[in-house]
Amino acid sequence: MYRYDEYDQQIVNERVMQYRDQVRRRLSGELTEEEFLPLRLQNGLYMQIHAYMLRIAVPYGLISSKQMRMFAHIARKYDRGYGHFTTRQNIQFNWLKLEDTPDILADLASVEMHAIQTSGNCVRNITSDEFAGVAQDEVVDPRPYAEILRQWSTFHPEFAYLPRKFKIAISGGKEDRAAIYAHDIGLAVTKNAQGEIGFRVLVGGGLGRTPIIGSEICEFVPWQHILTYVESILRVYNEYGRRDNKFKARIKILVKALGIDEFKRRVEADWADLKDGPGTLTIEEVDRVASFFSDPSYETLTDHDAKLNEFKADSRSFSNWLSRNVRPHRIPGYAIVVLSLKKPGDAPGDATAEQMEAVADLADRYSFGELRITHKQNLVLADVRQKDLIRLWQEASGHELTTPNIGMLTDIISCPGAEFCTLANARSIPLAKVIAECFEDLDYQHDIGEITLNISGCVNACGQHHIGNIGITGVEKKDHDEWYQVSIGGAEGNDSSISKIIGPSFTFNQVPEVIERLIHVYLRERMETERFIETVRRIGHAPFKEHVYATGFMAQEEKVAGKYIVESAQYEIPYYSPRF
Amino acid sequence: MIIKNKTIVADDWTVLRLQEQDTAEETIVSAGKIIVPLKVWRAQRETLQQRQDIGVWLASDERAEDLKGDIQKFSVIAVDFPKFSDGRGYSIAYNLRARLGYKGELRAIGDVLRDQLFYMQRVGFDAFVPRPDRKIEDALKGLSDFSEVYQTSFDPVLPLFRRTQRKGNSAAGTLND
Ligand code: HEM
Ligand code: SF4
Chain A
15 MYRYDEYDQQ IVNERVMQYR DQVRRRLSGE LTEEEFLPLR LQNGLYMQIH
65 AYMLRIAVPY GLISSKQMRM FAHIARKYDR GYGHFTTRQN IQFNWLKLED
115 TPDILADLAS VEMHAIQTSG NCVRNITSDE FAGVAQDEVV DPRPYAEILR
165 QWSTFHPEFA YLPRKFKIAI SGGKEDRAAI YAHDIGLAVT KNAQGEIGFR
215 VLVGGGLGRT PIIGSEICEF VPWQHILTYV ESILRVYNEY GRRDNKFKAR
265 IKILVKALGI DEFKRRVEAD WADLKDGPGT LTIEEVDRVA SFFSDPSYET
315 LTDHDAKLNE FKADSRSFSN WLSRNVRPHR IPGYAIVVLS LKKPGDAPGD
365 ATAEQMEAVA DLADRYSFGE LRITHKQNLV LADVRQKDLI RLWQEASGHE
415 LTTPNIGMLT DIISCPGAEF CTLANARSIP LAKVIAECFE DLDYQHDIGE
465 ITLNISGCVN ACGQHHIGNI GITGVEKKDH DEWYQVSIGG AEGNDSSISK
515 IIGPSFTFNQ VPEVIERLIH VYLRERMETE RFIETVRRIG HAPFKEHVYA
565 TGFMAQEEKV AGKYIVESAQ YEIPYYSPRF
Chain B
2 MIIKNKTIVA DDWTVLRLQE QDTAEETIVS AGKIIVPLKV WRAQRETLQQ
52 RQDIGVWLAS DERAEDLKGD IQKFSVIAVD FPKFSDGRGY SIAYNLRARL
102 GYKGELRAIG DVLRDQLFYM QRVGFDAFVP RPDRKIEDAL KGLSDFSEVY
152 QTSFDPVLPL FRRTQRKGNS AAGTLND
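Those sequence lines, one after another, are chains A and B. In terms of the working numbering, the first sequence has 107 at position 93, counting the first letter as 1, and numbering is strictly consecutive. In terms of the working numbering, the second sequence has 164 at position 163, counting the first letter as 1, and numbering is strictly consecutive.
Source of the hints: derived by calculation from the structure; they are not laboratory data. All C-beta atoms in this analysis are idealised placements derived from N, C-alpha and C, irrespective of residue type, glycine included. You may find that some hints are simply not true.
Pair by pair, the computed Cβ-Cβ distance ranges are [said to hold, decoys possible]:
#	chain 1	residue 1	chain 2	residue 2	range
1	A	151	B	157	47 to 53 Å
2	A	273	B	19	32 to 38 Å
3	A	286	B	148	31 to 37 Å
4	B	171	A	333	51 to 57 Å
5	B	148	A	261	35 to 41 Å
6	B	2	A	275	46 to 52 Å
7	A	223	B	20	36 to 42 Å
8	A	551	B	19	54 to 60 Å
9	B	43	A	276	23 to 29 Å
10	B	163	A	286	19 to 25 Å
Hey, can you work out the whole structure from these sequences and the hints?
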C-alpha cells in the first residue's frame with residue numbers, strides 16, 4: 015500500500031500543528047463557534063448529541079495492521095473502547111473531547127493517517143472498490159489513481175469552500191463495487207480499444223434529499239488528463255453551484271438545472287485552457303505511485319485444497335461462511351475474506367478495540383499485514399491463502415467476526431441515527447439490531463438470498479437507503495414520535511437504481527413485520543434463482559404494497575421499544591438534544 | 002494596515018461600497034485612491050478611465066471575464082468575500098491570474114480570516130485586508146501554515162510531482178516493519 019514520503023509526512027504534521035492552534039484559539043474564545051465550524055469540519059470533527067465525533071480518513075478503504083492498532087489505541091484511550099466503520103470506508107469515534115482531538119491527530123500522523131477533509135464543503139475522502147487489485151473482474155487497478163486523486167484534492171486551494179460537500183468514487187472492475195453512480199463524480203478506470211488507460215466520468219450522482227443517478231459527462235478521458243478534467247468540473251461547480259439554499263447546493267442540482275450537455279460544454283470550455291498544462295499527469299508519477307500497489311510476494315499455489323473440502327463437509331458453519339464471506343481471488347490458491355461486522359444484535363459497522371487488534375493480528379498472519387474497509391461497513395482480508403482459511407475462520411470466530419451473512423438480509427447498512435446525530439428523526443441502529451435479530455435464522459436468510467437493506471435516520475441518507483433493495487428512512491412527524499418510510503427497488507453497482515416509497519410510514523415496532531411481509535411476497539413470487547431486486551423489477555411495487563398494507567399490525571409495543579438506549583455521556587455534555 | 006507581499010504595510014486605498022439608495026450610474030466616486038465596484042466601473046467607465054487612482058473590485062457572483070478588455074488598466078483589483086464560506090472568490094482570483102494574465106495587485110477583501118490566507122495566496126492573491134476585528138499579526142501567520150503543497154494552482158504552478166523527485170516503493174519499505 016501507499017507509504018508517505020517526507021512531503022506527505024510534513025504536510026500531515028503541519029496540519030496537526032495548524033489544527034492544534036485552531037483548537038487553542040477556539041478554547042480561548044478567539045474564534046467563535048461559527049468561525050471554528052468550517053475549520054473543524056475540514057478536519058472531520060462534528061458535534062453530535064453527546065460529544066464530539068471525529069471521522070478519520072481511510073483513503074480508498076485501505077489500511078495496514080499498524081494503523082488498525084492505532085484505531086484500537088484511540089478507542090481505548092480517548093473513546094469508549096469502540097469505533098464505527100462507515101459506508102464511506104472511514105472510521106468514526108463518537109465520544110471524544112475537543113481538547114483531546116489535536117493529540118489524536120498527532121497519534122494518527124505517526125502512522126501516516128489524518129482526518130483531513132473528511133467533512134465540510136470540500137472534496138472528501140476518495141472511495142474505491144474494496145476488492146481493488148485482487149478482484150477477478152478487474153480491468154485496471156484503481157488504487158494508484160485513487161492515491162493520485164487523494165494528493166491532488168488534499169488542501170486544494172480553490173476548492174476548500176465549495177457550495178457543498180463533494181464525493182468522488184473510483185472503480186476499476188467490470189462490476190462497479192464503489193457505487194460510482196451515487197457520487198458527485200464517479201470514475202471508472204478502463205481501457206479503450208487500443209488498450210490505453212482512461213476514465214469513464216460520471217457526474218451529478220448523489221443521495222440525500224434529492225437522490226439522482228450520475229450522468230456520463232465523458233466516455234473516455236485519457237489518464238494523463240484526469241486531474242485537469244476533474245479540476246474543470248470542480249471549478250464550474252464552484253462558480254455556478256447554488257449557494258442560496260443548502261438543500262440545492264450539491265452538484266447534482268446544478269447538472270440537472272443546466273442539463274448534462276450544457277454542463278459538459280462549460281466544463282470542456284474551462285478544460286480547453288488546462289489540457290496539457292502543468293496539471294497533466296506524467297507516466298513517471300503514475301509509475302511511482304503504482305509501485306506501492308504492486309503485488310505482494312504471492313506463492314505459486316493451486317486452487318483446490320483437499321483439506322478444505324473435507325472440512326467443509328464436516329462443518330456446516332464453515333461451509334456457510336465459505337460460500338457467503340469468501341470470494342474468489344485473481345491469483346490461484348488465494349481467496350478474499352470478508353470479516354462481518356454485522357453480528358445480529360450488534361451495531362452495524364461497530365468494532366471494539368479488541369476486535370481491531372484481533373483483525374490486525376489476522377492481517378499480519380494471513381494477509382500481508384493489510385486490511386480494507388468496505389462501503390458496506392465490513393472488513394476485508396484481501397490476500398489469504400486458501401490453505402489458511404480453516405485456521406483463519408477458527409481464529410476470527412473467536413472474535414465474532416465470522417457471521418456468514420455478507421450480502422444477506424442481516425448485512426444491514428445503517429447510519430448512526432438519533433442516538434448520536436442531531437439531524438435525525440428516528441433511531442437507526444436499534445432498528446437495525448431488531449431487524450437483524452428477527453431474521454437471524456441462517457437457513458431462512460440463505461433461502462432469501464442476496465438482498466440489501468439500508469437504514470437512514472433522516473432524509474440525508476447517510477445509510478444510503480435509496481440504493482438499498484429495501485430502504486428505511488426516519489421521517490419527521492408533528493408528534494415527534496419515530497416514524498419510518500419503507501421503500502423498495504434501489505440498487506447499486508452496474509444496474510443502479512433509486513428505490514421508491516411503498517406508502518404511508520410505520521412505527522418502529524411495525525418495521526420488522528413490514529420487512530417480513532415484503533420478503534413473503536418475494537418468496538411467493540420469485541422465479542427460479544431470481545434475486546429480490548429482480549423480482550421487484552419484474553412485478554413492480556403493487557403486489558408488495560398490497561400485501562404490506564392488507565392487514566393491521568399487531569401491537570408488539572413493549573417487545574422492542576426502548577430496548578436499545580445508549581447511556582448518556584459521562585462527562586460534561588457540550589450539546590444536548592431535546593429528544594433525549 | 003494590510004498584508005501585502007507577506008508583510009504588514011500601511012495602505013491608502015479606500016473601498017467604495019454602494020449603499021441601498023446608491024445607483025452605479027449616479028454614485029459619486031470621490032477623489033483619491035479608490036477601489037470601485039465592477040458595476041460602477043462599467044457605468045462610469047468613460048470618466049473613471051481618465052484617472053490613475055482607480056481600482057476595481059468583484060463581488061463573488063461576478064466573473065473574471067467581465068473585466069477582460071480592461072484588466073491591464075488597473076494596478077489593484079480586489080475580490081470580495083461576503084462570507085468566509087463563499088468560495089467563489091478563489092476561482093475568480095485563479096481566472097484573473099491564470100487565464101487573463103493579470104499581473105497587478107490582487108487583494109482579498111471582506112470576510113477574510115487567518116485560516117483562508119494560505120489558500121488565497123495559492124490562487125493568486127498577494128494582498129489581504131483581514132477583518133478589522135482581528136489582529137493583523139495573527140492573520141499574517143496564516144500564510145505560512147504549510148511548507149509544501151501537492152497540486153497545481155497559480156502559485157506554485159507546478160504540482161509537487163513536477164517539482165521534485167519523489168521516491169517510489171522500493172525505497173519505502175512496508176509500514177509494518
Ligand atoms: C452523525 C454524524 C453525521 C452527520 C451530521 C451527517 C450529515 C450528513 C448530511 C447533512 C448529509 C446530506 C448531504 C446532502 O444531501 O447534501 C449526509 C449525507 C451522507 N452521509 Fe452523513 N452524516 C453523519 C454521519 C455519517 C455516517 C456515519 C456515514 C457513513 C456510515 C455517512 C455517510 C453519508 C453518505 C453516504 C451520505 C450520502 C451522500 C450523498 O448525499 O450523496 N454520514 N450526511
Ligand atoms: S442519515 Fe440523518 S440521522 Fe443518519 S447520520 Fe445522516 S444526518 Fe444523521
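Cross-check of the supplied hints:
1. The beta-carbon spacing between residue 151/A and residue 157/B, approximately 41 Å, falls outside the hinted interval of 47 to 53 Å.
2. For residue 273/A and residue 19/B, the hinted distance range of 32 to 38 Å is satisfied, since their beta carbons lie about 35 Å from each other.
3. Restraint check, residue 286/A to residue 148/B: a C-beta distance of roughly 33 Å satisfies the suggested window 31 to 37 Å.
4. Restraint check, residue 171/B to residue 333/A: a C-beta distance of roughly 42 Å breaks the suggested window 51 to 57 Å.
5. The hinted window of 35 to 41 Å between residue 148/B and residue 261/A holds, with their beta carbons roughly 39 Å apart.
6. Between residue 2/B and residue 275/A the C-beta distance comes to about 50 Å, which sits within the given range of 46 to 52 Å.
7. Look at residue 223/A against residue 20/B: about 38 Å separates their beta carbons, and that is inside 36 to 42 Å.
8. For the hinted restraint 54 to 60 Å between residue 551/A and residue 19/B, the CB-CB distance of approximately 58 Å keeps it satisfied.
9. Between residue 43/B and residue 276/A the beta carbons are some 26 Å apart, a value that agrees with the proposed interval 23 to 29 Å.
10. In this structure, residue 163/B and residue 286/A meet the distance hint of 19 to 25 Å, their C-beta atoms being roughly 21 Å apart.
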